[in-house]
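Those protein sequence lines, which keep their order, are chains A and B.
Read left to right, the first sequence gives residues 1 to 271 (our numbering).
Read left to right, the second sequence gives residues 1 to 271 (our numbering).
Just so you know, not all the hints are guaranteed correct.
Note that identical chains are pooled: a pair holds if it fits in a single copy or bridges any two copies.
Capping the alpha-carbon separation at 30 angstroms, the derived lysine-lysine pairs in DSSO-like fashion look like this [as the list claims (entries may be wrong)]: (1) Lys138 / Lys3; (2) Lys138 / Lys254; (3) Lys129 / Lys27; (4) Lys58 / Lys44; (5) Lys217 / Lys3; (6) Lys227 / Lys215; (7) Lys240 / Lys256; (8) Lys112 / Lys58; (9) Lys27 / Lys111.
Just so you know, the hints here were simulated from the structure itself, not pulled from any lab data.
Here is what each chain is made of, one letter per residue.
Number of protein chains: 2
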Amino acid sequence: MTKQQLHIIKIGGNVIDNSENLHHFLKDFTGLDGYKILVHGGGKVATQLQEELGIETKMVDGRRITDIETLRVVTMVYGGLINKNIVAQLQHYGSNAIGLTGADGNFIRTKKRPVKTIDYGFVGDIDDKSIDPESIGKLLDAGFTPVFCAITHNGEGQLLNTNADTIASALAVALSKLYETTLIYCFEKKGVLHDINDEESVIREIDPAKYEELKQKQIIHSGMLPKLDNAFTAINCGVKAVVIGKSDDLGQLKSKQPFGTTLSGKLKAES
Amino acid sequence: MTKQQLHIIKIGGNVIDNSENLHHFLKDFTGLDGYKILVHGGGKVATQLQEELGIETKMVDGRRITDIETLRVVTMVYGGLINKNIVAQLQHYGSNAIGLTGADGNFIRTKKRPVKTIDYGFVGDIDDKSIDPESIGKLLDAGFTPVFCAITHNGEGQLLNTNADTIASALAVALSKLYETTLIYCFEKKGVLHDINDEESVIREIDPAKYEELKQKQIIHSGMLPKLDNAFTAINCGVKAVVIGKSDDLGQLKSKQPFGTTLSGKLKAES
Numbered sequence: 001m002t003k004q005q006l007h008i009i010k011i012g013g014n015v016i017d018n019s020e021n022l023h024h025f026l027k028d029f030t031g032l033d034g035y036k037i038l039v040h041g042g043g044k045v046a047t048q049l050q051e052e053l054g055i056e057t058k059m060v061d062g063r064r065i066t067d068i069e070t071l072r073v074v075t076m077v078y079g080g081l082i083n084k085n086i087v088a089q090l091q092h093y094g095s096n097a098i099g100l101t102g103a104d105g106n107f108i109r110t111k112k113r114p115v116k117t118i119d120y121g122f123v124g125d126i127d128d129k130s131i132d133p134e135s136i137g138k139l140l141d142a143g144f145t146p147v148f149c150a151i152t153h154n155g156e157g158q159l160l161n162t163n164a165d166t167i168a169s170a171l172a173v174a175l176s177k178l179y180e181t182t183l184i185y186c187f188e189k190k191g192v193l194h195d196i197n198d199e200e201s202v203i204r205e206i207d208p209a210k211y212e213e214l215k216q217k218q219i220i221h222s223g224m225l226p227k228l229d230n231a232f233t234a235i236n237c238g239v240k241a242v243v244i245g246k247s248d249d250l251g252q253l254k255s256k257q258p259f260g261t262t263l264s265g266k267l268k269a270e271s
Numbered sequence: 001m002t003k004q005q006l007h008i009i010k011i012g013g014n015v016i017d018n019s020e021n022l023h024h025f026l027k028d029f030t031g032l033d034g035y036k037i038l039v040h041g042g043g044k045v046a047t048q049l050q051e052e053l054g055i056e057t058k059m060v061d062g063r064r065i066t067d068i069e070t071l072r073v074v075t076m077v078y079g080g081l082i083n084k085n086i087v088a089q090l091q092h093y094g095s096n097a098i099g100l101t102g103a104d105g106n107f108i109r110t111k112k113r114p115v116k117t118i119d120y121g122f123v124g125d126i127d128d129k130s131i132d133p134e135s136i137g138k139l140l141d142a143g144f145t146p147v148f149c150a151i152t153h154n155g156e157g158q159l160l161n162t163n164a165d166t167i168a169s170a171l172a173v174a175l176s177k178l179y180e181t182t183l184i185y186c187f188e189k190k191g192v193l194h195d196i197n198d199e200e201s202v203i204r205e206i207d208p209a210k211y212e213e214l215k216q217k218q219i220i221h222s223g224m225l226p227k228l229d230n231a232f233t234a235i236n237c238g239v240k241a242v243v244i245g246k247s248d249d250l251g252q253l254k255s256k257q258p259f260g261t262t263l264s265g266k267l268k269a270e271s
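Extracted from the complex, chain A is given alone in its bound form:
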């Protein structure tokens, strides 16, 4: 029996912070066939609210330190303001969206990051036991479209801030046991570019051999390496393909036109 198709799409600040981009994206998202899950980060709204409340935003190596006040803010902004407005818009466009944290339905249970040199505060790390695909499958099979924000819980009553990219990837890996899963990261470029200065130079397909070649030729920009490494890790764990593209272009998926860069194929060590 062929597995049901599932698209998991992650959007970040460049979509959320721009109302026009967001509405355009949500319409295209609604138009996609098959099962769908949306994962969203927080964008600048949490930082803005922290400023309004006089709470200092502490970042270490680009990561937000989540003290108890910051956790309160992200719970309000990610779990309330952004998530519920996205859900209301999706309902308007015709998606039967249901807005979630990882605490809801016990869908994503994480462990508070241990304090080593840096105390990240109330940050939750995902492991391979964090997600029970069957429980999320119940929602999908009942016709709902889950919309996850970047908050999880530890199962002992504590909410935890968790990276949205990681949530999207972990959901894709877990759900690929039940569905033929494609993971889509929307970012600011049209895809992985041959020439960083030419937005039209999108590399349409990358398999492990091509990836090696692009790395050797130093065509892939250093900041892209961890993204692509993580993508191939997800593919090695069962995800059918990972697509990296621009949210504006998502509608092209529906019309079978090329969209972004598609990564697929297991690494050699696995084959």
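Assemble the complex: chain A is given as a structure, and chain B must be docked to it using the hints.
Relative to chain A, chain B alone:
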């Protein structure tokens, strides 16, 4: 075939604003058998956040005027902070809770209140088409415990602030088509009291005849009249019973001890 039992329980500020009361209640809620739905208001937290943000709280006749800034605050506080912390605690105690607004799953669709003499702003009114019991039934049948906050939507992308008592009552009426539904309002007293100064003088059972008698003898306090009228209206629309009691005592339901005041029986005009 006998219908599955469903308890719908509404809590307000006197439970939410006191962490000890809240945890005690959530433990007892988890202990109740059968299908369950929790509905919560917002307590003082929204007003506190408005003060922190320098937003004026406007009340008319005890009702909050919901301008766009206030809607932003209640979406964060009701839909995010309070709802998701309750969900995380319920998961900890063992309820498979899932936190919702009326926008999620299109569960509660309302109409923005028309402006007559007063503009209440982004406030949604429930009517008899607001709730599709089958869609909520899918969640209940899949083993989830819905936790609703006091926010709904109009189906056109707009979130709306909606009275939590009214949500609880409308859910009870709609779901009584599918389940044998008991609606429980937790408030600050142990029930409807014979003597307002004696907390132990709880009237255990009130049917329509008894209600008439209590009204004639002026035993029922004027503030209780709209609550009880609404309760009997819900019963006339199919709800099995409405119970009014103190959240601390909810555990007595489980142990089959008397809890609060139970209203049941249809009004004479209906029989």
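Here is what the structure says about each hint:
no.	hint	result
1	Lys138 / Lys3	both (15 angstroms within a copy, 23 angstroms between copies)
2	Lys138 / Lys254	both (25 angstroms within a copy, 29 angstroms between copies)
3	Lys129 / Lys27	between (33 angstroms within a copy, 26 angstroms between copies)
4	Lys58 / Lys44	both (14 angstroms within a copy, 28 angstroms between copies)
5	Lys217 / Lys3	neither (38 angstroms within a copy, 68 angstroms between copies)
6	Lys227 / Lys215	within (13 angstroms within a copy, 70 angstroms between copies)
7	Lys240 / Lys256	within (17 angstroms within a copy, 53 angstroms between copies)
8	Lys112 / Lys58	within (18 angstroms within a copy, 40 angstroms between copies)
9	Lys27 / Lys111	between (35 angstroms within a copy, 23 angstroms between copies)
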